[in-house]
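Put together the whole structure using the sequences plus the hints.
First to last, the sequence lines map onto chains A and B.
Here the working numbering runs 26 ahead of the position in the first sequence, where the first position is 1.
Here the working numbering runs 37 ahead of the position in the second sequence, where the first position is 1.
One or more of the hints may lead you astray.
In silico DSSO-like cross-links for lysine-lysine, where the CA-CA straight-line distance does not exceed 30 Å [claimed, not checked]:
1) Lys-186/B - Lys-135/A
2) Lys-123/A - Lys-244/B
3) Lys-305/B - Lys-135/A
4) Lys-135/A - Lys-349/B
5) Lys-316/B - Lys-349/B
Derived by calculation from the structure, the hints in this document are not laboratory data.
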Amino acid sequence: MTLNLCVLTPNRIVWDSEVNEIILSTNSGQIGVLPNHAPIATAVDIGILRIRLNDQWLTIALMGGFARIGNNEITILVNDAERGSDIDLQEAQQTLKIAEANLSSAEGKRQTIEANLALRRARTRVEAINAIS
Amino acid sequence: MGQNPYLQTQSKFSIPQPLISLHSSKPKKKKKKKERKKEKKRKHHQTKIPNKQNSSLKKHPSFNSADLCIAELTQIKTMSCSNLTMWVSSKSPLSDTSSLSFGASLNPIRLPSQNLTTITPSRSITSNPIRCSLRALRDRIDSVKNTQKITEAMKLVAAAKVRRAQEAVVNGRPFSETLVEVLYSINEQVQGDIDDIPLTKVRPVKKVGLVVITGDRGLCGGFNNFVLKKAEARMAELRQLGIEFTIISVGKKGNSYFIRRPYIPVDKFLEGGNLPTTKEAQAIADDVFSLFISEEVDKVELLYTKFVSLVKADPVIHTLLPLSPKGEVCDINGVCVDAAEDELFRLTTKEGKLTVERDVVMSKTEDFSPILQFEQDPVQILDALLPLYLNSQILRALQESLASELAARMTAMSAATDNASELKKDLSMKYNRRRQAKITGEILEIVAGADALI
Chain A
27 MTLNLCVLTP NRIVWDSEVN EIILSTNSGQ IGVLPNHAPI ATAVDIGILR IRLNDQWLTI
87 ALMGGFARIG NNEITILVND AERGSDIDLQ EAQQTLKIAE ANLSSAEGKR QTIEANLALR
147 RARTRVEAIN AIS
Chain B
38 MGQNPYLQTQ SKFSIPQPLI SLHSSKPKKK KKKKERKKEK KRKHHQTKIP NKQNSSLKKH
98 PSFNSADLCI AELTQIKTMS CSNLTMWVSS KSPLSDTSSL SFGASLNPIR LPSQNLTTIT
158 PSRSITSNPI RCSLRALRDR IDSVKNTQKI TEAMKLVAAA KVRRAQEAVV NGRPFSETLV
218 EVLYSINEQV QGDIDDIPLT KVRPVKKVGL VVITGDRGLC GGFNNFVLKK AEARMAELRQ
278 LGIEFTIISV GKKGNSYFIR RPYIPVDKFL EGGNLPTTKE AQAIADDVFS LFISEEVDKV
338 ELLYTKFVSL VKADPVIHTL LPLSPKGEVC DINGVCVDAA EDELFRLTTK EGKLTVERDV
398 VMSKTEDFSP ILQFEQDPVQ ILDALLPLYL NSQILRALQE SLASELAARM TAMSAATDNA
458 SELKKDLSMK YNRRRQAKIT GEILEIVAGA DALI
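If you want it as structure tokens, here you go:
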């Protein structure tokens with residue numbers, strides 16, 4: 027029994043093939059999904075998606091969206107997604123530093139929210155690389 | 038080329054006649070040329086005088102080679118033989134040299150005319166424009182050729198880009214289709230709870246936000262004009278209904294249009310990129326979102342060009358917000374505000390879209406949909422979904438608009454290329470006719486001169 031995983035962004039299909047297991051970070055915490063999981067609908071937070079494929083763990087950085095699980099079919103709809111192996115570590119770390127600096131210098135509620143979001147995105151990208159190595 | 042139509046019609050009639058008459062006389066001409074060459078050496082001094090006069094004459098505006106041919110012909114025939122010997126001999130050397138060298142072939146025509154200046158000054162003027170118009174014709178042909186190359190290249194570029202834009206639409210399709218599917222199945226389950234979601238809240242419409250998507254560049258036929266005309270029509274409608282509106286303009290062409298009309302209230306100017314991405318869609322979505330949530334506007338409409346096929350694209354109005362299940366938005370008096378011809382509106386709001394997709398959705402989702410559990414509160418899930426839906430709608434509109442723009446450019450440029458080749462054909466025909474007429478004129482002079490000499 028295998029799971030079918032499909033990760034979609036408005037631009038392209040990031041992932042569309044069979045997997046053994048995934049760990050998904052939802053708005054209410056991380057959930058692991060194995061074959062024959064109960065049908066479920068959940069909002070997906072900004073965070074890492076871990077995929078187990080033949081005893082190998084892969085990561086995808088997800089930028090928030092929605093997931094539907096059922097009938098051994100997982101459909102994840104997100105604004106943006108990047109495979110951990112496609113992210114440039116140096117660039118990601120630099121973005122993280124900039125985001126941290128932006129947050130500390132943010133003024134007002136709206137700016138703080140935006141800076142927080144940017145920081146979380148940057149952190150997720152860095153984590154997605156580190157999880158591999 | 039402005040004065041040419043008149044001249045061309047004349048040349049059409051006048052040229053063939055001298056040519057026909059000449060064919061029979063051609064053999065004679067060659068023999069007589071040699072004789073004339075000898076003469077020219079003897080009477081060389083005579084040629085110099087007319088040349089000086091020529092230069093002064095060049096400034097005059099005038100008629101056409103065909104006219105000249107006729108004029109010369111008639112003159113030669115009517116003139117007395119004694120007079121003719123003088124200037125025929127003087128002109129013949131020039132005609133020989135000129136026929137050998139390019140571009141200078143006009144001389145023979147001038148010579149008789151200056152001799153005639155004493156008799157009929159108006160005739161002398163004629164020599165000049167011929168050269169101008171011939172050269173101008175050649176230049177014009179060249180410029181048409183260059184323009185054709187440019188339009189051809191633009192057409193090819195647009196064709197390549199259309200393919201890429203279509204690919205982008207196709208790549209985005211699974212996402213939007215799944216999204217609609219999911220939205221539908223969730224909507225079924227949370228029916229009734231939906232009131233709490235701000236994006237679906239229907240308020241009496243006092244102000245409308247109109248997102249107008251245009252292209253960044255011109256040279257694409259009526260593409261931008263159609264969009265802007267539709268926008269104007271919609272604005273007039275809203276004004277009639279007594280509803281305020283504000284514009285969110287996307288694309289350089291639309292921006293410059295609205296900047297030129299300061300009486301139209303514009304909330305924001307945005308620029309579309311080469312290929313629309315989620316970032317651009319996000320920028321528009323953020324703006325629309327904040328306008329709607331802050332209750333500055335009560336309805337958001339999206340005006341873009343729907344891509345039907347490579348040769349067809351329609352500007353359409355599509356209601357973005359609120360995402361109402363009914364697909365109808367009413368003003369304070371309960372009168373429907375939506376444009377009557379807003380055909381897409383009923384189809385593309387949430388309900389409309391879903392009805393279109395319903396058959397597919399039902400068969401696919403039936404087996405697990407009834408027992409679908411929500412990890413979070415349904416409202417929270419919808420909250421996460423609706424911005425995604427909004428974004429994908431805007432992105433889709435941007436992509437379709439771009440595809441239509443490129444298709445329009447492709448059609449326009451291909452028409453321009455066709456026109457250019459037609460124009461080129463016409464012009465070169467005219468050029469060759471005129472050139473031939475000139476040569477005919479030269480030959481006629483030579484023959485007439487030779488005849489006069491005998």
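Hints and how they fare:
1. Lys-186/B - Lys-135/A: Cα-Cα ~56 Å, so violated.
2. Lys-123/A - Lys-244/B: 42 Å, violated
3. Lys-305/B - Lys-135/A: OK: Lys-305/B and Lys-135/A at ~22 Å, within 30 Å.
4. Lys-135/A - Lys-349/B: Status violated; Cα separation ~47 Å.
5. Lys-316/B - Lys-349/B: Judged against 30 Å, a Cα distance of about 28 Å means the pair holds.
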